[in-house]
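Asker: Using the sequences provided together with the hints, build the complete structure.
Protein chains in written order, with my numbering: chain R, 159 to 247; chain S, 27 to 403.
The set of hints was computed from the structure by calculation and includes no laboratory data. One thing to keep in mind: the hints can contain errors.
[As the list claims (entries may be wrong)] Below are the DMTMM-like pairs computed for lysine to aspartate or glutamate, each with C-alpha atoms no more than 20 Å apart in a straight line:
| hint | chain 1 | residue 1 | chain 2 | residue 2 |
| --- | --- | --- | --- | --- |
| 1 | S | Lys40 | R | Glu237 |
| 2 | S | Lys100 | R | Glu170 |
| 3 | S | Lys384 | S | Glu316 |
[Unchecked claim] Far from chain R, by Cβ distances over 10 Å, these chain S residues were calculated:
| hint | residue |
| --- | --- |
| 4 | Trp54 |
| 5 | His57 |
| 6 | Gly89 |
| 7 | Thr107 |
| 8 | Arg131 |
| 9 | Glu146 |
| 10 | His178 |
| 11 | Thr218 |
| 12 | Asp219 |
| 13 | Pro227 |
| 14 | Pro235 |
| 15 | Pro242 |
Beta carbons are placed, not taken as given, at the ideal position from N, Cα and C, and that holds for glycine.
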Amino acid sequence: MARVRLDAMLREFASRSSVDSTAGTVAALFDELETQFPRLRFKLRDETGALRKYVRVFVDGEDISRTPGLGASLAHAREVDILHSIAGG
Amino acid sequence: MPEKKVRVLVGTRKGTYIVESDTRRKSWKVHPVSNAGREVYHVSADPRHPGTVYAAVNSGFWGPIMYRSSNWGKSWAEIATPLTPVQKERKPAFDPENPTTPPARPVVNLWHVAPGHPSEPDTVFVGVDPHMLFRSDDRGASWAPVPGINDHPTKDKWGPGAGGACLHTILIDPRDRKRMHVGLSAAGTFRTDDGGEHWRPTNQKVEAPFNPDPYPEVGQCVHHVVLDAANPDIAYRQDHGGMYVHRNAMDGPWERIGKLKGGPKDDFGFAVTTSASLAGKAFFVPLVGEARTTPNGGFQVLQWTEKTRSWKVLMSPKAFPGDFGVQREGITSDPLEPGGIYVGTTTGQLILSPDAGKTWRQVPYQFPGIHSVEAAV
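Answerer: See the structure below:
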């Protein structure tokens with residue numbers, strides 16, 4: 159089971175800052191989160207399933223956002239962090 | 027009887043502003059920003075449901091999000107957002123088994139919200155990038171794409187436009203709910219007479235100077251179009267290729283009024299408006315040069331009068347010195363008598379006339395760059 163931490167920016171759409179998950183992949187984790195927090199749907203991924211540009215996903219400290227991406231396995235993961243890269247102006 | 031309020035709904039680079047006055051339109055109250063920090067491309071009131079306002083919000087982090095208020099913007103609720111049909115299998119954008127299939131494209135930005143015909147009080151339309159029209163029949167609780175225009179047979183001849191491949195203009199004929207016109211960047215205008223099932227291009231004699239054929243059937247970069255309130259068969263068009271008028275519901279050739287005597291030196295621009303109390307007139311903001319700013323070192327609005335086929339410059343460049351940009355939805359007007367005209371600039375000025383263009387003043391508030399203005403009474 160992995161502890162999933164959601165960054166402060168996600169508080170607008172998800173009422174908790176962390177959840178536990180047994181999802182097998184990052185994509186399956188996102189499906190779970192969107193079921194639990196319906197307002198998260200299409201906020202982390204667009205409607206084609208692609209990760210939105212500024213979303214970063216770390217599994218046990220490793221950034222998997224681009225490689226291997228949403229198919230990354232969570233079979234042995236202990237911690238997953240969903241963050242947003244600093245951007246704006 | 028309570029006095030009527032006039033509200034200017036301002037979409038900016040950093041949020042939504044509601045700017046309020048009475049019918050004298052002399053002093054203005056700027057309400058605190060909503061949707062703070064997000065690009066708001068368009069804010070549109072629904073006259074069929076007083077107090078209802080839609081905001082087309084585009085977040086760099088979250089993507090496009092539709093909001094609706096029922097109390098003139100005091101509070102907002104997220105409603106359904108038009109999205110391209112979701113692929114249940116979540117196939118990747120590039121399908122290696124079908125490499126020539128165009129990649130799936132999500133909705134990039136929400137561009138324009140248009141309440142439907144009065145006879146369909148729960149119908150709302152949204153235009154988006156990429157070049158799609160969506161329709162809701164439940165006031166935004168759900169959306170359906172309009173394939174007649176979204177999958178038009180001429181689509182492979184449409185371009186993207188510098189601001190994106192957007193469907194930015196949606197006009198419903200007040201006399202006939204089945205007749206609509208839409209405007210798409212680098213594609214042109216299209217008309218339907220059957221409620222959106224079939225559409226035909228309506229770009230005759232509109233110049234596309236960037237095209238090998240300067241007068242193609244489609245591909246013109248229309249910037250904005252409005253219908254005359256007294257006679258909806260008359261349309262005023264600001265195109266990349268000039269300023270135009272049409273007098274037959276866009277059926278047949280357009281007339282390029284921007285090149286007529288008294289017109290601007292350069293009839294490029296983005297924005298045009300008219301309204302019920304300004305019928306027979308259209309107001310354009312000419313822009314020049316690579317910077318796409320107002321000419322002669324000052325803010326400028328031009329008035330076209332149909333009856334006399336004449337142009338009039340509405341202020342000296344000394345009235346508001348500077349180099350101003352105005353985007354395609356950056357000018358609007360109200361139906362009061364005399365008509366109010368409102369212009370929002372890309373540098374955050376809201377400049378208005380309460381008397382059909384005779385006098386002008388600036389609202390004393392520095393907004394973020396303004397994408398759009400709409401007036402609601």
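Asker: Each hint should be assessed against the structure and marked as holding or not.
Answerer: Consistency of the hints with the structure:
The suggested pairing of Lys40 (chain S) with Glu237 (chain R) is violated, with an alpha-carbon distance near 34 Å, which exceeds 20 Å. Taken as a hint, the Lys100 (chain S) and Glu170 (chain R) pair is honoured in the structure, with Cα atoms around 18 Å apart against an allowance of 20 Å. A threshold of 20 Å between alpha carbons decides the hint, and for Lys384 (chain S) with Glu316 (chain S) the separation of about 30 Å lies outside it, so the pair is violated. Even its closest Cβ contact with chain R, about 28 Å, leaves Trp54 (chain S) beyond 10 Å, as expected for a residue assigned away from the interface.
Chain R leaves His57 (chain S) outside its interface by the beta-carbon criterion, the shortest separation being 21 Å against a cut-off of 10 Å. The claim that Gly89 (chain S) is not at the interface with chain R is violated, since a C-beta of that chain comes within 10 Å of its own (minimum 6 Å). Under the 10 Å C-beta cut-off, the non-interface status given to Thr107 (chain S) relative to chain R is violated; the minimum distance is some 7 Å. With 10 Å as the threshold on Cβ separation, the claim that Arg131 (chain S) sits away from chain R is violated: the shortest Cβ distance comes to roughly 7 Å.
Every C-beta of chain R lies more than 10 Å from that of Glu146 (chain S), the closest at about 26 Å, which supports listing it as non-interface. Taking the minimum C-beta to C-beta distance to chain R, about 21 Å, the non-interface status of His178 (chain S) holds against the 10 Å cut. Distance check on Thr218 (chain S): its Cβ is at least 26 Å (rounded) from any Cβ of chain R, clearing the 10 Å threshold; non-interface status holds. Chain R leaves Asp219 (chain S) outside its interface by the beta-carbon criterion, the shortest separation being 31 Å against a cut-off of 10 Å.
Listed as a non-interface residue, Pro227 (chain S) keeps its Cβ farther than 10 Å from every Cβ of chain R; the least gap is roughly 28 Å. A cut-off of 10 Å between C-beta atoms confirms that Pro235 (chain S) is not in contact with chain R; the least separation is 34 Å. Non-interface status of Pro242 (chain S) relative to chain R is upheld: no Cβ of that chain comes within 10 Å, the nearest being about 31 Å off.
Checked against the numbered hints above, the structure violates hints 1, 3, 6, 7, 8; every other hint is satisfied.
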